[in-house]
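These protein sequence lines map, in sequence, to chains X and L.
For the first sequence, numbering that gives the first Met the number 0 begins at 0 and goes up steadily by one.
For the second sequence, numbering that gives the first Met the number 0 begins at 0 and goes up steadily by one.
Just so you know, the hints here were simulated from the structure itself, not pulled from any lab data.
These numbers come from a predicted model, not from an experiment.
Even for Gly, the Cβ is constructed at its ideal location relative to N, Cα and C.
Keep in mind that a hint or two might mislead.
[Claimed, not checked] No more than 16 Å apart at the CA atoms, straight line, and that leaves these computed lysine to aspartate or glutamate pairs for EDC-like:
(1) L:K283 <-> L:E310
(2) L:K98 <-> L:E245
(3) L:K60 <-> L:E245
(4) L:K41 <-> X:E154
(5) L:K60 <-> X:E154
(6) X:K149 <-> L:E58
(7) X:K149 <-> L:E148
(8) L:K275 <-> L:D348
(9) L:K371 <-> L:E245
(10) L:K145 <-> L:E178
(11) X:K149 <-> X:E71
(12) L:K275 <-> L:E245
(13) L:K283 <-> L:E308
(14) L:K55 <-> X:D132
(15) L:K237 <-> L:E272
(16) L:K371 <-> L:E148
(17) L:K175 <-> L:E148
(18) L:K55 <-> X:D150
[As the list claims (entries may be wrong)] Using C-beta positions, here's what the derived DEER-type ranges look like:
(19) X:A28 <-> L:L202: 48 to 54 Å
(20) L:P295 <-> X:G26: 25 to 31 Å
(21) X:E27 <-> L:L377: 49 to 55 Å
(22) L:L31 <-> X:G30: 39 to 45 Å
(23) L:E308 <-> X:R134: 56 to 62 Å
(24) L:K145 <-> X:P69: 26 to 32 Å
(25) L:Q206 <-> X:E27: 44 to 50 Å
(26) X:G129 <-> L:A59: 30 to 36 Å
(27) X:D51 <-> L:Q95: 33 to 39 Å
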Amino acid sequence: MENAEANANVVAERLRGWNPRAVESAGEAHGETTIVVPRELLRGAAERLREDSELQFNLLSDITCVDRFPVEPRFELNYHLTSIPRGAKIRLRVRVPGDNPAADSVTGVWPGANWMEREIFDLFGVRFNGHPDLRRILLPDDWEGHPLRKDFPVEGFR
Amino acid sequence: MTTVQTATGAAQTMVLNMGPQHPSTHGVLRVLLELDGETVVKAVPDLGYLHTGIEKTCEAKTYSQAITLTDRIDYLAPLSNNLGYCLAVEKLLDLQVPKRAQYIRVLLTEMTRIASHLVWLGTHAIDLGAMSVFLYCFREREEILKIFEMVAGQRMMTSYFRIGGLALEPPTGWLKAVERFVNMMPGRIDEYEDLLTRNRIWLSRTQGIGCISAEDAVALSMTGPTLRAAGLAYDNRKLFPYSSYEEFDFAVPVRTEADCYARYMIRVAEMRESVKIIRQAMAKIPAEGPIKAEAPGIVPPQREKMKTEMEALIYHFKIFTEGFSPAPGEAYVTIESPRGELGVFVASDGSPKPLRVHFRTPSFVNLQALPKLAEGRLIADVVACIGTIDIVLGEVDR
Chain X
0 MENAEANANV VAERLRGWNP RAVESAGEAH GETTIVVPRE LLRGAAERLR
50 EDSELQFNLL SDITCVDRFP VEPRFELNYH LTSIPRGAKI RLRVRVPGDN
100 PAADSVTGVW PGANWMEREI FDLFGVRFNG HPDLRRILLP DDWEGHPLRK
150 DFPVEGFR
Chain L
0 MTTVQTATGA AQTMVLNMGP QHPSTHGVLR VLLELDGETV VKAVPDLGYL
50 HTGIEKTCEA KTYSQAITLT DRIDYLAPLS NNLGYCLAVE KLLDLQVPKR
100 AQYIRVLLTE MTRIASHLVW LGTHAIDLGA MSVFLYCFRE REEILKIFEM
150 VAGQRMMTSY FRIGGLALEP PTGWLKAVER FVNMMPGRID EYEDLLTRNR
200 IWLSRTQGIG CISAEDAVAL SMTGPTLRAA GLAYDNRKLF PYSSYEEFDF
250 AVPVRTEADC YARYMIRVAE MRESVKIIRQ AMAKIPAEGP IKAEAPGIVP
300 PQREKMKTEM EALIYHFKIF TEGFSPAPGE AYVTIESPRG ELGVFVASDG
350 SPKPLRVHFR TPSFVNLQAL PKLAEGRLIA DVVACIGTID IVLGEVDR
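Modelling step: build the complete structure from the supplied sequences, incorporating the hints.
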């Protein structure tokens, strides 16, 4: 954990080497590294993180969304990546606005993203462009609304 | 049951619903199977029958209240969930848990691992037609639940780990009960192995069934015994140690066959390793010492202090009326639950209730590989595949 800051620097440097605009910010908190990338470069950055021989983030541990309503950009996608060969972790973050909640799918990079993205689509209503099978996964197909959004009430919505 | 044309239009296939009320789906999983005779052409899992909105509910509770919900995610390994959630909140608060509490946590989560693997082994054996193993496994699981009841007052929904430590001091003599258990367990594992490991029916139902390469497994984000059976020794306890696991000496069982039999052998070996860890933890746990972190305002004060100190009384009142407010930020913690990598993401906006709690549950992610394991095989193999992925529907659907 003590080398989290060094980890942030290495990853940010490699990403900047690929595309100078790729890193909006890189930070370290609670021993975790967070790299924020622009929405349009998500797919490319994901490929880099997986393929680059110095990064090798081969395991997509998790994708989650955070709704910061009423702040804009409202949604925040967090990709938690693990490099099994290097024993390192990183959080890749993309901000998604509320008026056009969509991001590129990373199923082509990590096939395991399939259900994770479906879950976020189901519960937050964020669309993933290029997803092979973007359907609701936990809720019924005819469900109205996206329950994990902050403007969806905890109870009494019907 | 319906008859449909395949994509090529050449052969007639049949679509069959397996579940949501099918005994081998271990709950309410529904799998849509497209069959050509008895061969599975396509398998499409359909989830959500047990979705209870736990993540949404967590946002309406204080950080401490949400612990009781974590029990109900993976109801066969409640203490693993408690641990994952508590570690995430503790990370958010930069809280140091006393060593004594950490060792007790390790001991109890390893017992949870054994209990969970026992349920898995028992039900999986029933699925494949070996009834008696179930009775053996539940006999030992009962002993573990008795220890949980002794320590936490609850058999299953323990909620024993709290933010900053443990709920209460374990009762006197509890380690004697643990010792009786660890002395008994290796012999009992031998009994299961006598019944199954060289059993010809067991071998023919599990060997060469449900194979997946390590590369595919990682690409599909599979973790836990399924990944280790494919030859990759990925275990959070070793690679990213938490709760002092780095001080324990244990092996991570790995096999390369990647079939259902390998997963069975891995889990059996893991039970033996867990017994080893429990023994070490028993030796490490100091007889006395704090079980809660020194963090006024977060960890409830001792009863005695409340009666004599004004501040303790105020803290107690504040904690239980309002809760505590971590600084804005996020924390993501992964632990090795019996089923694989359990990730807990907690985000705070500086209020007493979490902005977002997310559980990356191993069952949900691993189940994604079911089509890959089952397609091209017989219906009977689907049962074996679902079994060895080891899903808990409460965890899949949350």
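Check your understanding: Among the hints numbered above, which are violated by the structure, and what are their numbers in rising order?
Key -> Checked against the structure, the hints that fail are numbers 1, 3, 4, 7, 8, 9, 13, 14, 16, 24, while the rest are satisfied.
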